[in-house]
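Enquirer: In case you want the letters, here they are:
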Amino acid sequence: MSGLAVRAAARTRPVAAPWRVSRELFLLEARRLAGNPLLWGMAVLVLALQTYLSWDQQPDMGIDPIAATGTAMCLAGMTLLVANLAASRDRRHRMPESLAGLPSGAEHRTRALLLATPLVGGLVAGLVLALYLAIRYLSGPVAGGLDPLEPLTAVAATAFAAVLGVAVGRWLPWLIAGPLVMATLGFLIFQNSVNGSMGWWLPVMQRHAVDWPARPSGPHLVYVLALTALAAGAALLKHGRGRLPLLAVVASVAVAVPTGATAAAVEPVDLPRVGELDLDDVDPRVRERFFGPRAHRCERRAGIVYCAYPEYVSWIPLWEKDVAGPLAGAIPPEHRALIPPIRQLTPTWSHGEDWKVPAARPPMTWKQADRERTAQQIAYEVLRFRRQCDARGQARTLVALWLVGQVGKVAEPDRITWRGQVMAMGGVDYGAAEVGYAGRLLAAPGTRERLWAHWDTLTGPSTTIGQALPLLGLRQEFPLSRPGVTPCR
Amino acid sequence: MPLTLRAGPEAPAVPTSRRGSGRRARAALALAGPLARAIEWAPLAAASVFTLGLVWLVEAGQVLHPSVALDLMRIGGTLLGGAAAFALVDAMAADVDAAALPRWVRQGLRCLLAGGAAVVVWCAAFASLVARMRPGQLFPVGDLLVEAVVCLAIGLAAGATAVRFTTGRQAALAAVVVQLALVLGTMLLPEGLQLWPPTCGYGAWDEAHRFWLLALPVPVAWLVASGRDVR
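From first to last, the protein sequence lines stand for chains D and G. If you're matching positions, the first sequence starts at 1 in the numbering used here and goes up one per residue. If you're matching positions, the second sequence starts at 1 in the numbering used here and goes up one per residue.
Hints listed in this document are in silico derivations from the structure and should not be mistaken for laboratory results. Worth double-checking, as some hints may not be accurate.
Claimed, not checked - Some chain D residues well away from chain G (every beta-carbon gap over 12 Å; in silico):
id, residue
1, G35
2, E276
3, P317
4, A424
What the hints assert, rightly or not - Partial selection, computed: residues in chain D whose CB lies under 10 Å from chain G:
id, residue
5, V46
6, N84
7, R89
8, L175
To be verified - Coverage of chain G stretches by chain D, computed from C-beta distances (three or more under 8 Å per stretch; other residues unrestricted):
id, stretch
9, 46 to 59
10, 74 to 81
11, 163 to 170
12, 177 to 183
Idealized CB from N, CA, C, for every residue including glycine.
Here chain G stands alone, though its shape is the one from the complex:
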């Protein structure tokens, strides 16, 4: 697994200056390919096949009711977030501490690669659902995507925290556990506090999605904090 870069004659170990950060960006770009090969994609692939299959199979051949579609997108988004966390498990974490790039860049790259793939799959699932709904049915992609990205970021952040403390793939399951607890904790809130409104654009929909948007920085900050060097 080629995780370290071939050291060029001018590559300093710890770049600090402005020129150094430019070099770091180039190095990160160069690392994207090897990292993409190093990431364990199987869980995300399984979750993607599962999500797309579920979206395709549930009430197959019928016009889909928007509330069912909403549940499907939410389950799919949560699952993809949990599966993406597997990308943060670095089998060589102990050995690459001396690499030219700091840990947060490597973990950030893994997040971007896996998170990006998860969002792409989510969008594909969304498109296939929209195609099966009555034309003109309200099913707002922006609001739902914000929900999904929060779930994704929470999953990634939980996974990123877990891999700091333990080695091995099971660390990524922290994402699923944290998501399960949070979904349960937020789904059954009292009536005045609905975070998962069951009907698009109705009732507490706008308030809930303002909340999701405002909440987004929290898991992102958590994720960034979990990317710090382990020392």
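Chain D on its own, in the form it takes in the complex:
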């Protein structure tokens, strides 16, 4: 059929045809995108990377969807590129000459892409998020409450990126424009940490920690959807000021401004500064949640009290299995009553805690380092160490390190300098010799029986390592260093 004949045919059916053309083109573009290797390659990369990054952490729905949304922005960037390539395709490959003979104009292609790209891109993003969250749900007891609007934001932001790619392809005729827009958005989102609440004007606000005040996820999601409609309207405006694109632009601005402002009006988290801090320095929006009378939910298991924040009760069996259980098994039964309560503590607002109350305080993550730190806190309480002191040369230091060694590796403490004074993280300092002897104890058979036989002597604060070595069946091999200014009593 010649071009003239097509044009004549189009003239005879002026109403029904255009939407059918758009529909056919939509199906074609959707099929093309659904088989796009770039899109699927990036989807696999994002899923693999995010799974790998959170592999050693317990699933926590309070933060996992937000972190995944951040990584999924790479998928959104790729969607922008692919949509931009699709939109600018009709200007390459000698297409303008071929297309000029067709009855349907470029706006059909724009309309088809505006429907197909956000649909396919959003579906792929949704699939990645759904698979990731499914992996997380299946990989252990889950803590935290899922805000379903957070993963939906990743879907909406990917749809926005797709529509933006089409709009850029229509308005800026250079291929490099797509990567430039992608880089700008990527830079702004990556630098979001320095923007404070202004970051909420961007499609994605990555900066968050699990114990910060709640995020305005609802208004933000509506804002991103309004941005999507705005970009779609802008793309259609390229083909003339029709009623639909103008309406889309006006309506989306009318929605985007108030919702964006609502999200941006939320005060950024009031993070603690350096200095002496107490409960009054905790952001008032989370004070009740972490330090109120109903902050913890407690239960007693095998004689040990565990207190978790309500959304973390599912981790209590983990604390028991990973740390408290093995340590209790290593302590003589008559001394197990000394095991302090295991009481969860928010890491950001730890200065709000009453530190005089004896407790082991697991944080809101449960990685190997958290296990070792919790074991250390239990050991120090059981062996009655006062904090901020130097335990070099004391026999009970070896016992404490041996207890920590039941759940993880033993190493010298990290040290910080605070007001000219060197302090060990964890509150009790010791040196390489103590670590060396603890390694011997952990390797030797029958250590537990030896320790239990001389428990009271070995855990007394006045017993030295020199006195303890024969009781433990060890010989002198590591040179001991003298304790610092504040020996542990």
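Given the coordinates of chain D, work out where chain G should sit on it, guided by the hints.
Expert: Below, chain G without anything else, positioned relative to chain D:
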């Protein structure tokens, strides 16, 4: 587009001897001008304006924090590398196979012209950033330039590979796609393996830059291999 040389009386089609390679160098020099006119400079110009504008606009009028400057230089370097790849798209690739100069010389010249321009723009962006930072602030040009040249070479190599398989300008976007995937893949590595240390001269800075220097031959070799004749 004058891509072929006017054949002189003594110009052999395929020079092989030592005298021939000297002649080839002269021919390549003579080709530099026409090639510079044939290259599509618009993407690189756009990326240059964008990079210089970004460097100028971000926190305009304030003393720049080095970590922000570092991010800016890295984004600029990656983008310029992606844009430079457009220079490798030869609209007449199918028609110049019989040219006096082999393909690798023509592609190599395009790489040198576009890559050189990208490095010049990058250096200008660097200079304008340094001028906005606190005096005496550590911002090592050598280390950062190595990073940028690796990104540039990867972009060029990806583009050079893509133009072997397809015609049309969109082939150059392979550079952006490969860079995006590699940046993503290398930015989120485990803590022991930092390739993009966020603070100049601190932490894993030296190890990372030794890695960048050692890694440089890989994309260059890839680039050279992609310049082979298409047959």
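Enquirer: So, for every hint listed, does it hold in this structure?
Expert: Against the structure, the hints:
1. G35: holds (16 Å)
2. E276: holds (28 Å)
3. P317: holds (28 Å)
4. A424: holds (22 Å)
5. V46: This hint holds: D/V46 lies near chain G, its Cβ roughly 8 Å from the closest one there, short of 10 Å.
6. N84: Given a least distance of 9 Å, the restraint on D/N84 holds.
7. R89: holds (8 Å)
8. L175: holds (6 Å)
9. 46 to 59: holds (count 4)
10. 74 to 81: It holds, with 3 qualifying residues against the three required.
11. 163 to 170: holds (count 3)
12. 177 to 183: Held - the stretch 177 to 183 of chain G has 3 residues with a Cβ nearer than 8 Å to chain D, which meets the minimum of three.
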